[in-house]
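Participant: This is what each chain is made of:
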Amino acid sequence: MSVLEIVTVAAPLLWAALGELLGQRAGVLNIGTEGVMLTACLATALAAPVVGPWWALLVGLATGAISNGLFAEVVAAGADQVVAGTGVVLVGLGVTGAVFRHLQAQGFAGALVTTLPWGAVELAGLALVPLLAWFLGRTRTGLVVRACGECPEAVAATGVNPVQVRRVVLLAAGGLVGVGGAALVLRASGAFVEGMTAGRGFLALALVLLGRWRPSLVAVGTLLLGAATAFQFHLQGLGLEAVPYHLLLALPYLATLLVLALMPPDRLGGPAALGKPYRRQR
Amino acid sequence: MSRWLLACAVIAAAGLGAVAATGSNPLEAARAAFESALGSSLALQETLAKAVPLLWCGLAAAVAFRAGVWNIGAEGQFLVGATAATAVGLGLPAGSWSLAASLLAGGLAGGAWAGVAVLLRRMSGVSEVLSTILLNLVAVALVGWAVHGPLQEPGRGLPQSAALPREAWLWRPFEPGRLHLGCVLVGLAATVVWVALHRSRWGLELRAVGDRPLAARACGVAVDRVQSVALLLSGALAGVGGAVELLGITHRLFERFSPGYGYSGIATALLGGLEPAGTAAASLLFGAMAAGSGGMQRVAGVPVVTVLLIQGLVVVALAVRRGDERP
Numbered sequence: 001m002s003v004l005e006i007v008t009v010a011a012p013l014l015w016a017a018l019g020e021l022l023g024q025r026a027g028v029l030n031i032g033t034e035g036v037m038l039t040a041c042l043a044t045a046l047a048a049p050v051v052g053p054w055w056a057l058l059v060g061l062a063t064g065a066i067s068n069g070l071f072a073e074v075v076a077a078g079a080d081q082v083v084a085g086t087g088v089v090l091v092g093l094g095v096t097g098a099v100f101r102h103l104q105a106q107g108f109a110g111a112l113v114t115t116l117p118w119g120a121v122e123l124a125g126l127a128l129v130p131l132l133a134w135f136l137g138r139t140r141t142g143l144v145v146r147a148c149g150e151c152p153e154a155v156a157a158t159g160v161n162p163v164q165v166r167r168v169v170l171l172a173a174g175g176l177v178g179v180g181g182a183a184l185v186l187r188a189s190g191a192f193v194e195g196m197t198a199g200r201g202f203l204a205l206a207l208v209l210l211g212r213w214r215p216s217l218v219a220v221g222t223l224l225l226g227a228a229t230a231f232q233f234h235l236q237g238l239g240l241e242a243v244p245y246h247l248l249l250a251l252p253y254l255a256t257l258l259v260l261a262l263m264p265p266d267r268l269g270g271p272a273a274l275g276k277p278y279r280r281q282r
Numbered sequence: 001m002s003r004w005l006l007a008c009a010v011i012a013a014a015g016l017g018a019v020a021a022t023g024s025n026p027l028e029a030a031r032a033a034f035e036s037a038l039g040s041s042l043a044l045q046e047t048l049a050k051a052v053p054l055l056w057c058g059l060a061a062a063v064a065f066r067a068g069v070w071n072i073g074a075e076g077q078f079l080v081g082a083t084a085a086t087a088v089g090l091g092l093p094a095g096s097w098s099l100a101a102s103l104l105a106g107g108l109a110g111g112a113w114a115g116v117a118v119l120l121r122r123m124s125g126v127s128e129v130l131s132t133i134l135l136n137l138v139a140v141a142l143v144g145w146a147v148h149g150p151l152q153e154p155g156r157g158l159p160q161s162a163a164l165p166r167e168a169w170l171w172r173p174f175e176p177g178r179l180h181l182g183c184v185l186v187g188l189a190a191t192v193v194w195v196a197l198h199r200s201r202w203g204l205e206l207r208a209v210g211d212r213p214l215a216a217r218a219c220g221v222a223v224d225r226v227q228s229v230a231l232l233l234s235g236a237l238a239g240v241g242g243a244v245e246l247l248g249i250t251h252r253l254f255e256r257f258s259p260g261y262g263y264s265g266i267a268t269a270l271l272g273g274l275e276p277a278g279t280a281a282a283s284l285l286f287g288a289m290a291a292g293s294g295g296m297q298r299v300a301g302v303p304v305v306t307v308l309l310i311q312g313l314v315v316v317a318l319a320v321r322r323g324d325e326r327p
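Read top to bottom, the protein sequences are chains A and B.
According to our numbering, the stretch in the first sequence is residues 1 to 282, in order.
According to our numbering, the stretch in the second sequence is residues 1 to 327, in order.
It should be emphasised that the hints constitute simulated quantities derived from the structure, not laboratory data.
Check before you lean on any hint, since a few could be wrong.
[Stated by the list, open to error] Here are some of the chain B residues that sit facing chain A, going by a computed Cβ distance under 7 Å: (1) I266; (2) L284; (3) V315.
[What the hints assert, rightly or not] Here are the simulated DMTMM-like pairs of lysine to aspartate or glutamate, each with C-alpha atoms no more than 25 Å apart in a straight line: (4) K276/A x E5/A; (5) K276/A x E194/A; (6) K276/A x D211/B; (7) K276/A x E153/A; (8) K276/A x D224/B.
[Claimed, not checked] Each pair of labels, with its calculated beta carbon distance range: (9) V193/A x A196/B: 41 to 51 Å; (10) P150/B x P117/A: 51 to 61 Å; (11) L262/A x R225/B: 50 to 60 Å; (12) L126/A x E28/B: 52 to 62 Å; (13) W55/A x R31/B: 17 to 27 Å; (14) R201/B x L126/A: 55 to 65 Å; (15) A94/B x A120/A: 30 to 40 Å; (16) W118/A x P150/B: 51 to 61 Å; (17) S40/B x A198/A: 38 to 48 Å.
Ideal Cβ placement from N, Cα and C applies to all residues, glycine included.
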């Protein structure tokens with residue numbers, strides 16, 4: 001089990017978690033990341049045989065951005081983020097399932113001929129960690145983004161519209177999640193399978209919380225989970241069944257729950273306005 | 001009322017869109033959907049049978065949401081309820097009371113699953129949104145493990161449990177139709193939930209906590225306790241729902257036992273305005289949609305999963321509408 005392997009396994013989740021983090025720092029909790037990621041997976045798998053893996057990566061990014069952009073419009077209209085996010089999960093499951101089965105009935109197998117070479121998505125994901133930390137912590141724009149997550153009213157008082165800021169941030173965040181989905185198709189599996197994200201979008205939510213909304217900590221958490229997953233693959237490869245395979249699948253979720261349970265309550269801060277709809281004052 | 005108009009508009013638009021995408025005749029598709037949802041006694045029974053799990057999960061969502069607790073975990077609670085019912089149903093000697101024991105086990109397991117979220121919330125301040133989502137994923141893995149391991153049907157390599165003995169099944173009065181006694185049970189449950197919400201002190205406190213938590217606290221209501229009980233009850237309802245689906249429809253446990261009933265239940269409850277009666281009506285509408293989608297798939301080639309897409313769109317549309325209403 002090498003470092004390279006861990007990074008490879010963790011990359012899709014890392015992109016998704018960083019996307020979720022970005023949105024949450026602007027005060028938007030997107031439960032629907034799973035749905036967004038799944039949609040990006042399908043778009044990538046459909047595009048790859050036609051335009052090649054590199055353009056397909058871009059298609060995944062754009063699909064994630066557009067899906068999240070639609071969610072942003074719903075949020076901008078004042079919808080409850082948890083409810084709307086649940087809707088996004090359903091839409092993501094439904095739309096990818098329907099399109100894929102329809103195409104399958106017409107003979108589409110969903111397998112790619114070429115996948116991306118190692119490195120691009122993985123290394124860019126790692127590079128994004130300090131970049132995002134710098135952007136959020138050290139730039140003026142990043143300050144505005146964070147302020148939208150802490151106190152959108154204060155942002156509005158400076159003459160900036162927090163609704164607009166959240167829109168743009170969610171587009172970018174969706175792009176990151178979309179790259180995560182594309183990475184899953186173009187690097188890990190080489191094909192689209194129904195429900196292939198297998199809870200990664202939900203895990204991204206948990207990782208943001210565990211990493212206390214900091215890119216570096218979120219990355220550490222993601223890599224630890226990646227190591228656990230890679231270790232699990234090795235056990236399987238060796239045919240060892242110390243723990244039944246299906247229980248191993250639950251391991252990341254159980255570990256996350258356990259860490260959450262052990263964390264002292266006051267450490268679970270987070271952006272003050274997270275999840276709260278912002279209404280423009282008149 | 002406009003909630004229903006909005007939902008019907010979304011359903012019609014998405015349905016038409018899906019039919020158009022497959023290039024079939026929309027009139028024929030609509031007729032096929034109607035035929036297999038309402039066209040015959042068998043179809044009607046199918047609609048009712050499909051409404052049952054939606055209403056259990058819808059009631060679960062309604063009870064929690066009314067108390068201001070975001071239980072996204074009905075899916076997991078439904079699954080562990082079904083798993084517990086399987087274990088009890090296969091483990092006990094068959095008899096009329098083994099049916100009752102299975103149902104009870106389902107409710108207890110669902111409640112316990114929600115109880116984990118309650119504990120995490122009370123002890124470590126973990127939001128139930130996150131914990132219930134994670135518990136859903138654990139439940140999926142648990143079912144996978146159960147049907148590959150301890151509950152797997154002996155002698156066959158299939159990832160499923162053995163069928164429960166016939167005596168433990170919920171009665172089907174009009175066979176071969178799939179309408180079963182669970183339909184009555186869920187009707188009773190909806191009535192009980194209505195009475196509890198609107199004719200008891202507990203229900204008044206619960207609604208007060210959901211609507212105005214600060215005011216409720218100022219009036220001396222133990223907000224945390226009310227919300228914890230609501231989440232436990234919500235989990236129990238979803239758990240019984242899983243047991244009922246197992247005992248009434250599938251009679252055995254397998255992977256992907258739930259095609260997202262827990263999430264669809266959220267759509268059902270929202271469309272029903274978080275009221276038992278409305279949720280029941282919404283479950284009938286979605287039940288008809290699920291039954292009708294079978295016909296649509298045969299005639300127009302529209303995949304059945306399109307139902308999830310439509311429910312998701314309904315949730316999003318209703319979320320926007322609710323956002324508009326609230327000042």
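Participant: Does the structure break any of the earlier hints, and which numbers would those be?
Facilitator: 2, 4, 5, 10, 11, 13, 15 and 16
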